Amino acid sequence: MEKTCTDTHLLAMNSSEKQETVCIFGTGDFGKSLGIKMLQCGYSVVFGSRNPQMSSLLPRGAEVLSYSEAAWKSDIIILAMHREHYDFLTEIIEIHNGKILVDVSNNLKINQYPESNAEYLAQLMPGSHVIKAFNTISAWALQSGTLDASRQVFVCGNDSKAKHRVMDIVRALGLTPLDQGSLMAAKEIENYPLQLFPMWRLPFYLSAVLCVFFFVYCAVREVIYPYVYSKTDNTFRLVISIPNRVFPITALTLLALVYLPGVIAAILQLYRGTKYRRFPDWLDHWMLCRKQLGLVALGFAFLHVIYTLVIPIRYYVRWRLRNITITQVLANKDNTFSTSSAWLSDLYVALGILGFFLFVLLGITSLPSVSNMVNWREFRFIQSKLGYLTLILCTAHTLVYGGKRFLSPSILRWYLPSAYVLALIVPCTVLVIKFILIMPCVDKTLTHIRQGWERNSKCSKSALNGKSDL
Amino acid sequence: MEKTCTDTHLLAMNSSEKQETVCIFGTGDFGKSLGIKMLQCGYSVVFGSRNPQMSSLLPRGAEVLSYSEAAWKSDIIILAMHREHYDFLTEIIEIHNGKILVDVSNNLKINQYPESNAEYLAQLMPGSHVIKAFNTISAWALQSGTLDASRQVFVCGNDSKAKHRVMDIVRALGLTPLDQGSLMAAKEIENYPLQLFPMWRLPFYLSAVLCVFFFVYCAVREVIYPYVYSKTDNTFRLVISIPNRVFPITALTLLALVYLPGVIAAILQLYRGTKYRRFPDWLDHWMLCRKQLGLVALGFAFLHVIYTLVIPIRYYVRWRLRNITITQVLANKDNTFSTSSAWLSDLYVALGILGFFLFVLLGITSLPSVSNMVNWREFRFIQSKLGYLTLILCTAHTLVYGGKRFLSPSILRWYLPSAYVLALIVPCTVLVIKFILIMPCVDKTLTHIRQGWERNSKCSKSALNGKSDL
Amino acid sequence: MEKTCTDTHLLAMNSSEKQETVCIFGTGDFGKSLGIKMLQCGYSVVFGSRNPQMSSLLPRGAEVLSYSEAAWKSDIIILAMHREHYDFLTEIIEIHNGKILVDVSNNLKINQYPESNAEYLAQLMPGSHVIKAFNTISAWALQSGTLDASRQVFVCGNDSKAKHRVMDIVRALGLTPLDQGSLMAAKEIENYPLQLFPMWRLPFYLSAVLCVFFFVYCAVREVIYPYVYSKTDNTFRLVISIPNRVFPITALTLLALVYLPGVIAAILQLYRGTKYRRFPDWLDHWMLCRKQLGLVALGFAFLHVIYTLVIPIRYYVRWRLRNITITQVLANKDNTFSTSSAWLSDLYVALGILGFFLFVLLGITSLPSVSNMVNWREFRFIQSKLGYLTLILCTAHTLVYGGKRFLSPSILRWYLPSAYVLALIVPCTVLVIKFILIMPCVDKTLTHIRQGWERNSKCSKSALNGKSDL
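Protein chains in written order, with the numbering used here: chain S, 1 to 470; chain A, 1 to 470; chain V, 1 to 470.
Certain hints may be false.
Claimed, not checked - Within a straight-line C-alpha distance of at most 16 Å, the following computed EDC-like cross-link-like pairs (lysine to aspartate or glutamate) qualify: (1) S:K161 x V:E188; (2) V:K161 x S:E20; (3) A:K161 x V:D168; (4) V:K161 x A:D159; (5) V:K109 x V:D168; (6) A:K161 x S:D159.
In short, the hints are calculated from the structure, not lab data. The model shown is predicted, which means the values in this text are computed figures rather than measured ones.
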């Protein structure tokens, strides 16, 4: 602790400004950590406690008083206590009139109470200005000083002046305040730190299911089948060869699933003849996690690319290539060059590379800081035009890969076609429907609907009426 | 619609706060979509319409009144109508005194009117507080709820209090308000959604021209020439081999073009003897899109890397390698190892990899969120020092690639040198000029000029005068 | 200059709003550049100068007056002068009462003066509102108009209204103001532009030392040893083969060093029995630059991946593979396939790819814009869970690479083991200690301590006391 006090930088800050006093109610871990941090940043801290005598554990430099005494010392009171103990505040309610109460509490579950803790507090203490803040910062982060994670502190409250005072404190602690508006936002702010990638769940489970299915499918065709028929030990294929089939298939299917909900939504709007009716919940949720679906697909595509590029350094591949050469030399066979094979092999590779390149481009533009730089028109251009081009290139890549062997009966094993054939089902469906949707006659109606036109409108004049409006 | 109303999360929000009323003028698509969104987020919405009877199409829960009746209901009026219809507002001008008018309009063309719509509105309604907002959000995005694109809403206005009220509404709708200052910013905000990558156009067209030129050039040398002289069918080279010449050439040329304007600007400043005269427009524009030029170059370099890495898995390459081995075995030739060839081959590859690595680093630091983290000194270090190092490495990579064959007459076909020789012209020029510019005598003068010194200043004392100033 | 004045866009802005007047004290380079920029953006600029007659060099359109005359013209005065000249302001102190003084100054060294320039100014001029701003923007950037670097202008000051007026000017110049709170932040803002990657220094020097050491080590084993014993010229190995040993070793060691301080901190907390005592300075600094350590490690891993992928296109590798084939053919040896070799080779490659994939994922989530999107719980999940998984995969990759040869005496040269054996020391140590720390008995104590429990607390009730607090 003494270390901190001799920190020249902090001393310099202290000396140039008279200290502001902040009161913290509650001497738990978070209250303590916040207090230490505030002391380090030049604030004078007063703790409010039930038993002010038990002060041995509190940071040196901080005063500890009873709740009501502490409350007199400052007009900003940070409540570092659980919601269950808010009632006691009503006992000292007259002290709090006009004061700023900072609610830092979190709950154990999402939507645990009907109203947010901060709103509950505001109801209990109508005379004070309740501000929600600091709940997204952990005590551990404050304590260790290693705020590698987000430095963002969401702040909301109904009183603008009180909010700005709290935001200034947040800044003084080296954190970034983000004004989230009125206390109505408190519920969302309280739910935020409890989330664990809510939008990534569907994409994650979906890709896990796809991966497992195709892994088993390929293992049956390429490991079990040869073992049953020719007792060959192909188990080493489980490590690279089969994953390198599973990954591109999963990537292509997920990429197609990014564009499927848009196509379904268009059909639904055409069928209903209006855009002002909400989509079913599953479609809504699907549309909201399209970005995550696409990024998971990009991950699999990335793995596919590296798995493909390491092919020539694998022991098995080197052995096989050597074998081919030796066989040719010993058999004195002619090493004939087939232009069509060269074309197919190069075309398949080139389509894959270009598809991957556009895919990476889509991924980069979905980075928050990049997508904030583009306007709606540019975003649509990238995600819609370039997105479909990516899907077309990747589908073509898979089609050319199949090449002449595509669906030939010799490729069937136990009546199972090659895995890549299954991979083509969803993307081809999406592309065909999209192709129908962009045909002039269909597209015209859809555009009308999306501009607000409704097929079953009772008063035909209303369209005219709205003509002059945006 | 009923779905929305039973949304528990939203109900919870509604219940905890009494509803604020917002008035929307205009029942067009955007007005309707915004109204629905506001209803969902707990606002009470009143539409103002020319024909309030035609209300069947409006969202349930919203009231529809005549313009003047609606205006009485709220002190915030959102004008969802075209600029052409703003005049009618003057008829009910007395109602609007002191009210907040939110201009959400967009135009069809950039700089369509001499003044922005919001400024025009402010002139029409001098007694009200005009705020520009929401114009960057599309009705479709509001409606479908899938705001994958930018959630940023640019807000500007001359009255600070009015601006903050509108910003609170923006936050309540789950969007991010960005304060752009006074109404002077409205013109830029209105132009923003009409742009389609204005800074990317020059780099895009430039790279397209370079690509096409070098593609044709290489096709003539590597496909048409062998066909004419030996009837060999080399068309498969069009797919990977030739693009893998075109991409690195384009990348290197574009990278050099990133540094060329800086070099030209330095020469211009040396020639003029001052930095206080503006550069010609073309140079200004060129300098402003250097970042985009560099990123396009990085894209081509990325393609070049993958096209190179897939070389060993191409059918043609495998066939050729097999051929060499078979020929050697059959001819019983000695497979001698040349240390100098190993050196050249490894050096060329290593230079390329290091150049690409630095190039990727430059690309990452040009991401908005990363470049916001570095200060001016760090940015200059990366973009200038590391940038030139990248250019030197990539140029050296190309030079070593040429190796012994460089400009040897045997490589000429129809008097055309190899394409990579042409690729070296611009980068070598830039590097030579830069080398001259950093020589002490020249560098000293340039540094003086950039610190504000002027060669032809009339009063020699003025330099002295400014000495104490920044 | 005339060019600027005929700029239609700017004229349009000027016409729609009456011009605000800003006063700039000091006609040095920065003052001039800022003045030109403000004139271009529609402001009326008055320069204050010691010798107003020397006005020939000032931008056309700007007035030049003596300091006191100029100060009368505007209530915003930008001080573009060095701190040493602030004293003269006291002579005209009565003029400045209530005015906004904008301090744009920078120092030559970090922490050059005990208090920041802005705070010093505020002490000199108690009646005026001092705002710190613009110091992070360079004159060159303002002049050339090419603000590719950060457009962020840090603004701080004690008067909220004055701060907002300055922030509006910042926005009008096309820059992004960032409110940093009160004038206490001025010191940090003044130090900011003088920094050159302070957090990157330790990782950089560390990796440089590791690289040089392992490069020499490998050179001794693979170039000097064969030269001494068999006069083989292996110098070409210095270009790719040896770097491709040095890079992965450095990457793995650095990655382990990212997790080592966390493990040391845990041991320290267990030993001390409390989390409320500060870590030693070296540990603090180490923990603060973990992110940078990890990113440098990722850079080396990236280089390792590309160096590995180019293996098959190297001259030396092609020659060696051809040699093996020819030898086999000529010796009529059987080309036997070893399943265990295939397993080992594939496993080693697959582990490396998956490790690299997770590593890239960690790198992406450490981008500022991405890490701002995740909450503390998600960040911990990624950096801790995924981070350790990456370390485990990469360590396993190295172990399997060693395979059967691991520590076999035949691999020793001059008693030196293979370099990768040394690379395993740190990661294995970290993993073993971590494994001990997550064992239930140890983990339980540690969790208690991290929740605020203290082993040597005097009053045992205090824990009870804090139970209800956060």
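Each hint tested on the structure:
Only pairs whose Cα atoms come within 16 Å are accepted, and S:K161 paired with V:E188 is rejected, the gap being roughly 25 Å. Restraint check: the Cα-Cα separation between V:K161 and S:E20 comes to about 20 Å, which exceeds 16 Å; the hinted pair is violated. Restraint check for A:K161 and V:D168: the C-alpha separation of about 14 Å stays at or below 16 Å, so the hint holds. Note on V:K161 and A:D159: the hinted pairing holds, with a Cα-Cα distance of about 13 Å set against a maximum of 16 Å.
Restraint check for V:K109 and V:D168: not satisfied, since their Cα atoms lie roughly 30 Å apart, outside the 16 Å limit. Under the criterion of a C-alpha separation no larger than 16 Å, the hint pairing A:K161 with S:D159 is consistent with the structure, at around 13 Å.
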